[in-house]
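**Student:** If you want the building blocks of each chain, they are given just below.
Number of protein chains: 2
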Amino acid sequence: MKQNRDIAVAVIGCGTVGGAVCEILLRDRELLAKKTGTQLRLKYIVDRVFTYARNLQLDDTLFETELDRALADDEVEIVVELVGGTTAAKEITERALRSGKHVVTANKALLAHHGAELLAIARQNGVSLAFEAAVGGGIPILRALYDGLAANEIDAIYGIVNGTCNYILTEMIDKEESYEEALWAAQSKGLAEADPTLDVEGIDSAHKVAIMGAMAFGIQVDFDQIEVKGIHDLQQEDVMYADTLGYVIKLLAIATRVGEGISLRVRPAFISRDHALAWVSGPFNAVGVYGHSTGHTMYYGRGAGGAPTASAVVSDIISVASGIYQVYFDRFSYWPDKNPPTNLVPVMETYSRFYMRTMVDDTPGALARIASILGNHGISLASVLQDELPENSGAEEQPHFVPVVMTLHPAKEENVLSAVAEIDALDATDEKSSVIPIVDEHPEGLT
Amino acid sequence: MKQNRDIAVAVIGCGTVGGAVCEILLRDRELLAKKTGTQLRLKYIVDRVFTYARNLQLDDTLFETELDRALADDEVEIVVELVGGTTAAKEITERALRSGKHVVTANKALLAHHGAELLAIARQNGVSLAFEAAVGGGIPILRALYDGLAANEIDAIYGIVNGTCNYILTEMIDKEESYEEALWAAQSKGLAEADPTLDVEGIDSAHKVAIMGAMAFGIQVDFDQIEVKGIHDLQQEDVMYADTLGYVIKLLAIATRVGEGISLRVRPAFISRDHALAWVSGPFNAVGVYGHSTGHTMYYGRGAGGAPTASAVVSDIISVASGIYQVYFDRFSYWPDKNPPTNLVPVMETYSRFYMRTMVDDTPGALARIASILGNHGISLASVLQDELPENSGAEEQPHFVPVVMTLHPAKEENVLSAVAEIDALDATDEKSSVIPIVDEHPEGLT
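As you go down the protein sequences, you meet chains A and B in turn. Okay, so the first sequence: first residue is 16 according to the working numbering, each after it adds one. Okay, so the second sequence: first residue is 16 according to the working numbering, each after it adds one.
Check before you lean on any hint, since a few could be wrong.
Identical copies carry no separate label here, and so any pair may be met within one copy or between two of them.
[To be verified] With a cut-off of at most 30 Å between alpha-carbon atoms, the simulated DSS-like pairs for lysine-lysine come out as follows: (1) 50 with 353; (2) 58 with 190; (3) 49 with 353; (4) 50 with 105.
I should point out that these hints are in silico values taken from the structure, not numbers from a laboratory.
From just these sequences and the hints, can you work out the full model?
**Tutor:** As structure tokens, then:
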């Protein structure tokens, strides 16, 4: 874009993030112009209703209910899509791109499901699509991947990228609450939605690992191939045993090279208390990236919320308005639309250490049978923890199910799950075993 | 720069970092070309001797002892200065800039002392000067300040930016070693120089806070105004008392707004075990940045070493070769040469909590006199820790000096140091008191 003129911007969707973007553009206009040499002029705030916009005392002369008016205005060069979801947002994004406008979005679901398609549409229309705010809120993590670490081949990414889940897990650990109690606490603080499905079932984290993985590895991801497990069926007992064993449970978004392939997955995992992500608590996010020259770097900050997310949106607006983003967009190769679809390595074929808790009848030989089943699947026990029962507890005829907590040496996930299915089918076991992978600090592998 | 052609690069100085840069440029040429759409062609490796370069088996047809030849070659568009120091490096940088070549450097001393002058020379010659590698090794921290957080007004920066000091402090804490023992361990592992002055006296950290502070606040810094204290006179006792009180001692590089002014300082500080920087151990670096929209973000990684630092150098080479860096350089305002010299707020005028350890004669009234002197200077005690002596210890006529450990409520540094001078002059005290600021987590102040 040309220098020293103002760039008109239309913000579509004035909720928490949209409102904060408008506030920054209006309040900090002079600050931003001074810092960046570019005048960003908010010209339209498009929404159906303006209750929230009025609460923020935004300039009501900018309010516009007709999207068409903003899209038909040749002055508008940048459209900011903050509607959310994948239906209206997709239509708005496509129409804006086809109208020859750059689009900046915070919409991770949109990018994860339709990223390659929308990027291609942008390219066909000579404009760009920017989405720093889609991952890690205010943390400039995508910039690290496409710019700061550009000299690296990326080997792995491990992220805590959902603040709602991290808050719930922190509550479960610190206050010894059940999942339901902790979810309720998060909801009453506005940190979880009334319907928390997208967050607690790991889907939001999967959106983010899809975006990061595509960029880090230069691949096109089929979202449905990502294996996703959330925190919604985590048992308080397992959270406590994690602590006993020197671990914490975190919901991790993981993208790693596995042999010649790539694995993307989301799952609760045990990480050592010394792991760089272990201290990340409450609503904060952090993403560790392992590059072949940098080794381990990590990026930490608020992963959600109006102002932090708006910071990322506005950094994209600045980048596009300065013409910087277009260079990355046009010349660099790691955009999904520039790469063919990639088949991910199924998580069943990956190796990991595991934590396992089984309720076992406290009779002679029960533990031996479990160990023998594990052995038959080529899995060896690293540690066993079984507390003594009082000798005189209960009637002698009733089985006494006691928790047996085991950690397993690295094993193929497929083998572990087969063994556990066999173990859970024994008469000597009760309930379904808890099986949670133990994720060690990734080796740095500096070259 | 134009698209799709190759860009010739000359690397000046082939030591640890220079060698790693050459390795990346030669080994990863195709990877980088694929990722960035730019062919980076290493054309000259300039040095006096090539022993190290030969050890790395770098292409010896690129070896060149005559700097003039590289500078006179019109094909060379980017000169990478990795000589170090401020004498030859300054001359090389100036000559390269005046020859119309962009310069990429990792030289923090050069930037801290002569940044504004060199940036101005670059601008006069229509080229740019890039220096991501000067701070935080492989961590893209300057990019966070000039790009990722561009939408923010920066309020404060707290960094652990010297891996040598952090390694020594980690050893002192974990292994209960004295400073001298820990320094020796660092030296024997190649993590400290034979003459460790620049690192342990805090000068290297001051170079880095000068660079970050200038960029974050858009100011020109007089390096000599930065108040610097190193770790070389830290007592093992204070490291242990920190632990007793729930803190760790870290060497912090601090840049904060203080009223209308700016304070830059380097000093060992107590930080709570819960502080986001407390877990950063060994040779790792981390920088926390507080922006008015993002709140707290943090950047972590290896702050030194060949490959990590080379990653940052090469990311700058890519940015310059793509023409991206020039946009920031030309249009954005936070470069020191674009801003007038700024007087820093003297650290004496700043407020902080403090830790204090005084050797006090164990007689009635001694502690009361100390408390009274503090009170006279408007300083109130937050906590006192004095262990009981055995009743029958030593001859009754000799004074028994025992450590009295105090924490002080927030007070002006000037007042604290005056009070301590008075206390140390008492007959009832022995030795010089240890006085170390306690640095709390910076308030996020989200807007």
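**Student:** Compare the structure with each hint and give your call.
**Tutor:** Hint check:
Proximity of residue 50 to residue 353 under the C-alpha cut-off of 30 Å is restricted to the inter-copy arrangement: shortest distance 11 Å between copies versus 33 Å within a copy. When the C-alpha separation of residue 58 and residue 190 is checked against a cutoff of 30 Å, the pair qualifies neither within a copy, at 48 Å, nor between copies, at 61 Å. When the C-alpha separation of residue 49 and residue 353 is checked against a cutoff of 30 Å, the pair qualifies only between copies, where the shortest distance is 11 Å, while the shortest distance within a copy is 36 Å. Taking the shortest alpha-carbon separations for residue 50 and residue 105, only the inter-copy value of 28 Å comes in at or below 30 Å, while the best intra-copy value is 32 Å.
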